[in-house]
Structure formats: C-alpha cells, structure tokens
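Construct the complete structure from the given sequences, taking the supplied hints into account.
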Amino acid sequence: DAGVIQSPRHEVTEMGQEVTLRCKPISGHNSLFWYRQTMMRGLELLIYFNNNVPIDDSGMPEDRFSAKMPNASFSTLKIQPSEPRDSAVYFCASSAYNEQFFGPGTRLTVL
Amino acid sequence: AQKVTQAQTEISVVEKEDVTLDCVYETRDTTYYLFWYKQPPSGELVFLIRRNSFDEQNEISGRYSWNFQKSTSSFNFTITASQVVDSAVYFCALTTNAGNNRKLIWGLGTSLAVNP
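Protein sequences, first through last, are from chains A and B. Under the working numbering, think of the first position of the first sequence as 48, with each following residue one higher. Under the working numbering, think of the first position of the second sequence as 46, with each following residue one higher.
Honestly, the hints are just simulated from the structure, not real lab data. Computed from a prediction, not measured in an experiment: that's the story for all the values here. Each residue gets a CB set at the ideal place from its N, CA and C atoms; glycine is no exception. Hints are not guaranteed to be accurate.
[Unchecked claim] Which chain A residues face chain B? A few, computed with CB under 8 Å, are given here:
#, residue
1, T85
2, G89
3, L90
4, V136
5, P151
[To be verified] Some, not all, of what chain B presents toward chain A, calculated at C-beta under 8 Å:
#, residue
6, Y78
7, F80
8, K83
9, G88
10, E89
11, F92
12, I105
13, R147
14, K148
15, L149
16, L153
This is the structure in structure tokens:
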C-alpha cells in the first residue's frame with residue numbers, strides 16, 4: 048500500500064509568492080494532520096482534520112496560512128503571501144486510529 | 046495538562062553499546078496511548094511503536110525494547126547492541142483520544158549518535 052504522499056518534495060520561492068503544499072493520505076485513514084518542523088521550534092502541529100472537517104487549527108501561525116480538505120483523499124496547505132520565516136519542512140500525516148503515519152515532507156525555502 | 050518530557054537532548058555512544066532513551070509523560074486521563082517515532086538523517090518520521098495505558102507488558106522487537114511503567118509515568122526505549130544506522134532523532138508522544146481528539150503531544154526528541 049502507498050504511504051502518505053506529499054508534493055512537491057522541495058519548493059523554493061520568493062517572499063510574497065503563494066505556496067501550495069499537497070497531501071494524499073493513506074486510503075481509509077480518516078484523520079489528517081499538517082505539521083511544520085524547524086530547528087528553532089521543533090515539530091509543531093498546524094491543523095488537523097477528522098473526516099475532512101478541521102478540528103483544531105490553533106497551531107496555524109497566522110492568517111497567511113490556510114488548509115483545506117475537500118475530500119478524503121486530498122488536502123492542501125497554502126501560504127499566501129510567503130515569508131522567509133516560513134522556511135521549514137512541512138509534514139502531512141494520516142491516521143485511522145491513534146498512530147500517525149507521516150509523508151516524506153516538503154522542504155520549503157522562502158528567499 | 047498533558048506533557049511529554051525527553052530529558053536527554055543528545056546521546057552519543059559507540060557501536061555495540063546498549064542505550065536507553067528516556068520518556069516521562071503527564072496526563073490525568075486513565076486511557077491514553079504512548080508512541081515512539083524515529084527520524085533518521087534523511088528526514089522522514091517513522092512510527093516505531095504504540096502502547097496503550099492498559100497494557101504494561103514490555104515489548105521487544107529485535108534489538109529494540111520498550112519499558113512502560115505507569116508507576117513512574119515512563120515509557121523508555123532501549124536499543125541493544127546499537128548500530129550506526131540507529132543514529133537518528135527519537136521522539137516520544139502521547140495522546141488521550143479524549144472526545145475523539147487525535148492530537149499527539151510530542152516530546153522535544155533525543156538525538157542519538159552511534160559512532161563506529
């Protein structure tokens with residue numbers, strides 16, 4: 048079975064540009080999580096969905112960040128406009144019960 | 046409040062040594078789940094084990110073993126005869142799943158370096 052799929056794997060963009068990260072969870076998993084990891088702040092939960100509904104978005108840094116899950120097999124995390132401090136690795140994870148399975152991450156660099 | 050503490054920030058050992066990574070948790074819920082994840086230098090986060098609060102049996106998987114002790118609120122992870130490939134950051138995490146909450150509370154991780 049395919050694991051969690053994320054795209055792109057690497058993204059380099061300039062400050063002010065819109066960035067869209069994509070995630071396909073494991074089939075049959077009903078929870079999806081977006082995390083951000085940096086050296087300074089470690090692993091932070093940004094938002095998570097249960098059955099496509101956002102449950103907790105308290106970790107979303109500010110209004111520049113938005114996430115959607117239009118169906119059970121796809122989610123996006125959008126940053127508009129991007130800033131250099133958004134540079135990080137963004138992980139998507141999905142779960143069916145309690146353990147979360149992570150995608151390979153998207154390394155975002157904002158110049 | 047729920048919390049996971051991994052007091053060891055970095056550990057360095059020589060290959061073939063045994064090493065234990067500590068994890069102490071706090072929760073008032075009686076039902077909870079504990080996890081260990083591995084993040085090797087390549088960056089992916091790999092699920093290693095889940096333990097629920099009603100099962101205090103220790104778990105062994107090859108060179109890996111886990112010691113869950115509710116009396117001390119600890120869920121420690123031991124690698125026996127460590128190898129260079131074990132070099133990674135290891136995270137301990139907790140969830141109570143209360144009210145269908147799937148959020149994991151993460152420790153800050155322990156960076157393990159296994160030197161040849």
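Original post:
Against chain A, with CB atoms and a cut of 8 Å, does the hint on B:K83 hold up?
Top reply: violated (11 Å)
**OP:** Go through the hint on B:I105 and say holds or violated, using the shortest Cβ distance to chain A against 8 Å.
**Re:** B:I105 check fails; min Cβ-Cβ to chain A is 19 Å, beyond 8 Å.
Original post:
Does the interface hint hold: is B:L153 within less than 8 Å of chain A, judged Cβ to Cβ?
Top reply: Since the shortest Cβ distance to chain A is 6 Å, the answer is holds.
**OP:** Grab the minimum C-beta distance from B:F92 to chain A and call the hint holds if it beats 8 Å, violated otherwise.
**Re:** holds (5 Å)
Original post:
Under the criterion of a CB-CB separation shorter than 8 Å, is B:F80 in contact with chain A as hinted?
Top reply: holds (6 Å)
Original post:
Measuring from the C-beta of B:Y78 to each C-beta in chain A, is the shortest one below 8 Å?
Top reply: Check passed: Cβ of B:Y78 comes within 5 Å of chain A, closer than 8 Å.
Subject >> Given hint A:P151 near chain B, where the shortest CB pair must fall under 8 Å >> reply: holds (5 Å)
Original post:
How about B:L149: closest beta carbon in chain A under 8 Å, or not?
Top reply: holds (6 Å)
Original post:
Per the CB criterion, is B:K148 less than 8 Å away from chain A?
Top reply: Since chain A brings a Cβ to about 6 Å from B:K148, closer than 8 Å, the hint holds.
Original post:
Is the interface hint for A:G89 satisfied, with its Cβ closer than 8 Å to some Cβ of chain B?
Top reply: holds (6 Å)
**OP:** Mind checking the CB of A:T85 against every CB in chain B and telling me if the closest is under 8 Å?
**Re:** violated (13 Å)
Original post:
Should the interface hint for B:E89 be scored as holding, given a Cβ-Cβ cut-off of 8 Å against chain A?
Top reply: With a closest approach of 5 Å, the B:E89 hint holds.
Comparing the model with each earlier hint shows violations of hints 1, 8 and 12; every other hint is respected.
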